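2 protein chains.
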Amino acid sequence: MTETGLINGNAVIGQSGGPTAVINQSLVGCVEVLKESAHVDKIYGAHHAVDGIIKGDFIELQDLPQDRLDRLANTPSSGLGSSRLKPKAEHCHQMFEQLKKFNVRYFFYIGGNDSSDTCRIINEDARSKGYELRCFHIPKTIDNDLQCNDHTPGFGSAARYVACGFMGDNLDNKALPGIKINVVMGRHAGFLTAASMLARQQPGDGPHLIYVPEAAFDSDKFLDDVNEMYDKHGRCLIAVSEGISDADGTPVAVKLAVEQGHHVEKDSHGNVQLSGTGALGDFLAIHIKNKLGERRGEKLRVRADTFGYMQRCFAGCVSETDQREARMAGRKAAEVALLGDLDGSIAIQRASDDPYKVEYTLVKLTDVAAKTKHLDEKYIVDGRDIHDSFRTYLAPLVGPLPVVEQV
Amino acid sequence: MTETGLINGNAVIGQSGGPTAVINQSLVGCVEVLKESAHVDKIYGAHHAVDGIIKGDFIELQDLPQDRLDRLANTPSSGLGSSRLKPKAEHCHQMFEQLKKFNVRYFFYIGGNDSSDTCRIINEDARSKGYELRCFHIPKTIDNDLQCNDHTPGFGSAARYVACGFMGDNLDNKALPGIKINVVMGRHAGFLTAASMLARQQPGDGPHLIYVPEAAFDSDKFLDDVNEMYDKHGRCLIAVSEGISDADGTPVAVKLAVEQGHHVEKDSHGNVQLSGTGALGDFLAIHIKNKLGERRGEKLRVRADTFGYMQRCFAGCVSETDQREARMAGRKAAEVALLGDLDGSIAIQRASDDPYKVEYTLVKLTDVAAKTKHLDEKYIVDGRDIHDSFRTYLAPLVGPLPVVEQV
Numbered sequence: 007m008t009e010t011g012l013i014n015g016n017a018v019i020g021q022s023g024g025p026t027a028v029i030n031q032s033l034v035g036c037v038e039v040l041k042e043s044a045h046v047d048k049i050y051g052a053h054h055a056v057d058g059i060i061k062g063d064f065i066e067l068q069d070l071p072q073d074r075l076d077r078l079a080n081t082p083s084s085g086l087g088s089s090r091l092k093p094k095a096e097h098c099h100q101m102f103e104q105l106k107k108f109n110v111r112y113f114f115y116i117g118g119n120d121s122s123d124t125c126r127i128i129n130e131d132a133r134s135k136g137y138e139l140r141c142f143h144i145p146k147t148i149d150n151d152l153q154c155n156d157h158t159p160g161f162g163s164a165a166r167y168v169a170c171g172f173m174g175d176n177l178d179n180k181a182l183p184g185i186k187i188n189v190v191m192g193r194h195a196g197f198l199t200a201a202s203m204l205a206r207q208q209p210g211d212g213p214h215l216i217y218v219p220e221a222a223f224d225s226d227k228f229l230d231d232v233n234e235m236y237d238k239h240g241r242c243l244i245a246v247s248e249g250i251s252d253a254d255g256t257p258v259a260v261k262l263a264v265e266q267g268h269h270v271e272k273d274s275h276g277n278v279q280l281s282g283t284g285a286l287g288d289f290l291a292i293h294i295k296n297k298l299g300e301r302r303g304e305k306l307r308v309r310a311d312t313f314g315y316m317q318r319c320f321a322g323c324v325s326e327t328d329q330r331e332a333r334m335a336g337r338k339a340a341e342v343a344l345l346g347d348l349d350g351s352i353a354i355q356r357a358s359d360d361p362y363k364v365e366y367t368l369v370k371l372t373d374v375a376a377k378t379k380h381l382d383e384k385y386i387v388d389g390r391d392i393h394d395s396f397r398t399y400l401a402p403l404v405g406p407l408p409v410v411e412q413v
Numbered sequence: 007m008t009e010t011g012l013i014n015g016n017a018v019i020g021q022s023g024g025p026t027a028v029i030n031q032s033l034v035g036c037v038e039v040l041k042e043s044a045h046v047d048k049i050y051g052a053h054h055a056v057d058g059i060i061k062g063d064f065i066e067l068q069d070l071p072q073d074r075l076d077r078l079a080n081t082p083s084s085g086l087g088s089s090r091l092k093p094k095a096e097h098c099h100q101m102f103e104q105l106k107k108f109n110v111r112y113f114f115y116i117g118g119n120d121s122s123d124t125c126r127i128i129n130e131d132a133r134s135k136g137y138e139l140r141c142f143h144i145p146k147t148i149d150n151d152l153q154c155n156d157h158t159p160g161f162g163s164a165a166r167y168v169a170c171g172f173m174g175d176n177l178d179n180k181a182l183p184g185i186k187i188n189v190v191m192g193r194h195a196g197f198l199t200a201a202s203m204l205a206r207q208q209p210g211d212g213p214h215l216i217y218v219p220e221a222a223f224d225s226d227k228f229l230d231d232v233n234e235m236y237d238k239h240g241r242c243l244i245a246v247s248e249g250i251s252d253a254d255g256t257p258v259a260v261k262l263a264v265e266q267g268h269h270v271e272k273d274s275h276g277n278v279q280l281s282g283t284g285a286l287g288d289f290l291a292i293h294i295k296n297k298l299g300e301r302r303g304e305k306l307r308v309r310a311d312t313f314g315y316m317q318r319c320f321a322g323c324v325s326e327t328d329q330r331e332a333r334m335a336g337r338k339a340a341e342v343a344l345l346g347d348l349d350g351s352i353a354i355q356r357a358s359d360d361p362y363k364v365e366y367t368l369v370k371l372t373d374v375a376a377k378t379k380h381l382d383e384k385y386i387v388d389g390r391d392i393h394d395s396f397r398t399y400l401a402p403l404v405g406p407l408p409v410v411e412q413v
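Quick note, the sequences are listed as chains D and S, same order.
Sequential numbering of the first sequence, starting at 7, is according to this note's numbering.
Sequential numbering of the second sequence, starting at 7, is according to this note's numbering.
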């Protein structure tokens, strides 16, 4: 189908799931292209994703001047508001009914793999009802765990936060030596925790140990690891994914909580709450203090920080590559919608490492939906470190880091 | 005494206490000026402050080229290493003996009020032994709690971290509404927590509540406050100092820990550990979930982050004003030492608000030593907020913040 065969109507854009530092870039990229099309009348932003679409709670974006769009693109978090609701088929049907009611012919959903699945169901509804709707998913997740993508918008900026945090904390830990644990987001995928390795600039720099959810965590071996690094460096800086689990799949936070005599709280889905609490870091700190302290016969100084929500929205910490690519992903989605494609998900592929180049492709919604990508095991060293070769993959996504000098 | 009357000898510079993003600026400023003097031969940096001085563990800095000095100045944390030891008189005597042994005639100690006291004792030793030693304290603390200073080097950059963190988290909390607590450093002084107010750019922006150690914290009133803001905004972003205490002076972390059935851990000084643990935030979150949740008859979404060590050394988050002033404080200390003064502490005074101007003065060591400055009560509103007039004081110290756009 060519552009001349396009049906005229309105567009809706939604932002779902956890915010990122660049999700508004994708929103703006999409708006910029749609504004130029004669086939698109209103460009609606859906307030709070599925919640707003079901209610028809829309804001009109087509008249926003370019300077406001540019500022919005540079603003962290989801400007339209987001939702924690993972839509069931029933919600998707309700969403479709509202889209039809508003004569929406172009639908864009920025989010993780759940959002891709939402697009798929709405799209199937539209087809079965003979309603022409173009349905596109625009990738977003700081976890970097979407299939078919070399990496995802949002990850580079979050990884930059993690790398800058560890750079500073490595120097802090060097100035006042001790054992320090930093807990990084990532329930199932270790990409973000692995990004801590970028903080290493000189021999001896931390993090000295990195634990990701892809490798089974053994709390006894952990003590051996810490002991070894503490002997070697006189200090030990540790990166830990919030989602680390033991060989049985039991989250370490749960295991240590029980071991240390605590009550374990679960959320409404029965998952143990891992973000927005300092529990895992504190449990690991106590584990080291008590058990390794006893073994070594000394009082160990152990502290833990949990990076928390700062990783996804800290104002002013953003990767320029990530910004540019998120904007382009939004533009591409609008472009393919206006060029004849009916549905799909925009994917970022790496064309070359040196010089760093990417290309944007269109993949099937079903290939992205409800699947998780994991950190390649080739990068995981002995279940406790990340190989230096990960730098080739990661560095261009994060951009140049601050230069430090050590005397 | 004029420069021609100066005694020739070596210099020692030390960095004490918690690292900051700009403490190396002060080190470099001091080195730059000393390098130019014909009276100073070696410029020693003391490794790990008092620990290194007692052992004579020095590194020579006089030959570092300017490009390395400039990079070092821009590097967060204490490049020479620091120490947690608060020197007793006995340690100060040992320090003095080593300084004498190394023919040190110029001594500079960068740190908080403990460091000023260390200078004072060493200086008294030198006088009583008839040994000419020039002893200067260079201020540093993210807590901003030194007497005789309008503000201290290190604070502006830490405040910038807090402001940028809250800016992003306000947008995050707006996108996914709930109750969010962020715990900020500050055991006795609330300046850093108060800096969260800079994140407010539009009506309704958080933080909606700010609690500092200077105001007694009432855990029942706290629930009323949160309830009110949650009703008003449909969400609630809260800034809390790690050091908040109730009217009896009991730390809130301790009170809630006991109330929630936990064991309370104390450090070697008998203080409850407040940094490097997520406990206070988690206790407050549980307090709200359980008690306010019950009162409202709904399951509340409450999360807590503890900003932790990122506040003092996050790489790439720095106030240019803070950098410049820290450098100048180091230069001034060296300049006064070479112009006839025997001892003192460099203090930063504000000369005018608009345009923002400061001047550097020399104050007595005893006026700074072992005293803590508190947030002026005129800024504290109803024990739960910071007055907008604090912005006049704070904004120039933090520098221009990222621009955000809300739709």
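Please keep in mind that the hints were generated in silico from the structure rather than gathered at the bench.
Among these hints, one or two may not hold up.
It does not matter which identical chain is meant; a pair holds if it fits inside one copy or across any two.
Stated by the list, open to error - Derived DSSO-like pairs: lysine-lysine, alpha-carbon spacing no greater than 27 Å straight-line:
1) 61 with 238
2) 377 with 295
3) 261 with 305
4) 61 with 305
5) 363 with 48
6) 94 with 363
7) 106 with 92
8) 92 with 305
9) 297 with 363
No experiment lies behind these values; they were computed from the predicted model shown.
Each hint tested on the structure:
1. 61 with 238: Result: close only across copies, 22 Å inter versus 60 Å intra.
2. 377 with 295: Neither way: residue 377 and residue 295 sit 38 Å apart in one copy and 33 Å across, limit 27 Å.
3. 261 with 305: Intra 24 Å, inter 26 Å, cutoff 27 Å: intra and inter.
4. 61 with 305: between (58 Å within a copy, 23 Å between copies)
5. 363 with 48: neither (34 Å within a copy, 51 Å between copies)
6. 94 with 363: Neither: 37 Å inside a copy, 59 Å across copies.
7. 106 with 92: Only inside one copy: residue 106 and residue 92 sit 21 Å apart there, 70 Å across copies, limit 27 Å.
8. 92 with 305: Between copies only: 18 Å across, 46 Å inside.
9. 297 with 363: Answer is neither: 48 Å inside a copy and 53 Å across each miss the 27 Å cutoff.
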